[in-house]
Amino acid sequence: MSGDHDHGDMQNTPESRLWLALGLTGSFMIAEVIGGVVTGSLALISDAMHMATDAMALAIALIAIKVGRRAADLLRTYGYARFEILAAAFNALVLLGIAFYILYEAYERLYQSTEIASLGMLVVAVIGLAVNFTSMRLLTGHKDKSLNVKGAYLEVWADMLGSLGVIAGALVIWFTGWQWVDSLIAVGIGFMVFPRTWVLLKACVNILLEGVPPGMNLAEVEQAIATVPGVASVHDLHLWAITQSKASLTAHAVLDVDADAEMVRRAIEARLQEKFDLHHTTLQMERENCAPLERIH
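Taking the UniProt record's numbering as reference, the numbering of the sequence shown is continuous, increasing by one, and the terminal residue is 297.
Calculated directly from the structure, the hints in this document are not laboratory data.
Where a beta carbon is used, it is the ideal one built from N, C-alpha and C, also for glycine.
One or more hints might be untrue.
[What the hints assert, rightly or not] Beta-carbon label-pair distances, calculated as ranges:
hint	residue 1	residue 2	range
1	His-238	Ile-63	25 to 31 Å
2	Val-37	Thr-134	23 to 29 Å
3	Ile-127	Ala-270	50 to 56 Å
4	Gly-23	Asn-289	55 to 61 Å
5	Ala-232	Gly-211	27 to 33 Å
6	Glu-115	Leu-93	32 to 38 Å
7	Ile-63	Asp-277	24 to 30 Å
All chains should be built: construct the whole structure from the sequences, respecting the hints.
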């Protein structure tokens with residue numbers, strides 16, 4: 001006995017916009033690497049590394065869309081939608097590695113004297129800011145519908161802040177000649193990666209471990225089911241998410257003696273949909289409790 005069984009959320013992902021954002025980001029990433037080498041700016045190179053992770057995130061999102069839309073089969077009865085989460089987790093780990101690399105390079109620069117071409121650095125950073133802003137706008141309307149698109153959006157958003165930092169650093173170097181500011185900006189960009197990457201990785205791990213989705217309280221859900229007329233008790237309650245926007249629930253509900261099983265099931269589903277926006281539910285209605293006493297809630 002179950003409710004709606006729509007497993008994936010990939011149909012909401014803006015594939016054409018992802019392709020456009022990937023084209024913009026990938027093209028300018030190459031230009032920024034060249035600009036960083038020519039101007040001698042570590043900040044530009046670190047921002048290019050961010051561009052690289054942005055491009056990777058967008059490419060992974062597109063791959064996830066293709067794989068996630070594959071139909072369920074006899075081996076994977078939920079389909080391939082969770083590939084999106086694996087891709088997002090992989091991207092987060094790569095991003096952490098890039099951040100450590102940037103910090104290491106900045107540390108090395110402390111013991112080297114490098115002349116920075118601040119004007120060239122400024123021009124490249126301004127163009128990068130425009131590219132990041134355009135990519136971010138392309139993804140804004142869909143970032144809350146897909147965890148993988150959200151990961152790509154967060155990377156582009158952070159990279160836009162990085163571009164602002166590079167612009168500020170270029171102006172400071174131009175007017176003061178303080179070359180060390182370039183390394184300082186690079187370190188700032190590196191540290192900016194960690195909080196957003198942690199949030200993304202934590203969300204991915206929670207889904208992969210089939211944890212309770214954020215914003216939901218298992219005790220409240222259990223109470224909502226237990227107080228439906230005709231329900232004597234609830235056990236074997238599980239609440240998890242297949243992907244970010246697809247929460248699922250399974251539970252055993254023990255019925256009162258005279259309760260109608262079908263009516264109670266429909267009442268439980270209606271309450272779960274109304275209070276928690278839960279539409280994928282599998283409910284087992286029981287006349288006698290099948291659980292051991294220590295498992296009864």
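Requested in this report: Using the beta carbons of Ile-127 and Ala-270, state whether their distance is inside 50 to 56 Å or not.
Outcome: holds, 54 Å
Query raised in the report: So the hint says 25 to 31 Å: do the beta-carbon atoms of His-238 and Ile-63 match that?
Result: Taking Cβ atoms as reference, His-238 and Ile-63 lie about 30 Å apart, which means the hint holds.
Requested in this report: Could you check the hint for me, namely that Ala-232 and Gly-211 are 27 to 33 Å apart, CB to CB?
Outcome: Given a distance of about 28 Å, which is inside 27 to 33 Å, the answer is holds.
**Report entry** Assessment of proposed distance window 55 to 61 Å (beta carbons of Gly-23, Asn-289)
**Finding:** holds, 59 Å
Query raised in the report: Okay, Val-37 versus Thr-134 on CB: inside 23 to 29 Å?
Result: holds, 24 Å
Query raised in the report: Does the Cβ-Cβ separation between Glu-115 and Leu-93 fall within 32 to 38 Å?
Result: holds, 35 Å
**Report entry** Beta-carbon spacing of Ile-63 to Asp-277 - inside the hinted bounds 24 to 30 Å or not
**Finding:** holds, 29 Å
In this structure, every one of the numbered hints holds.
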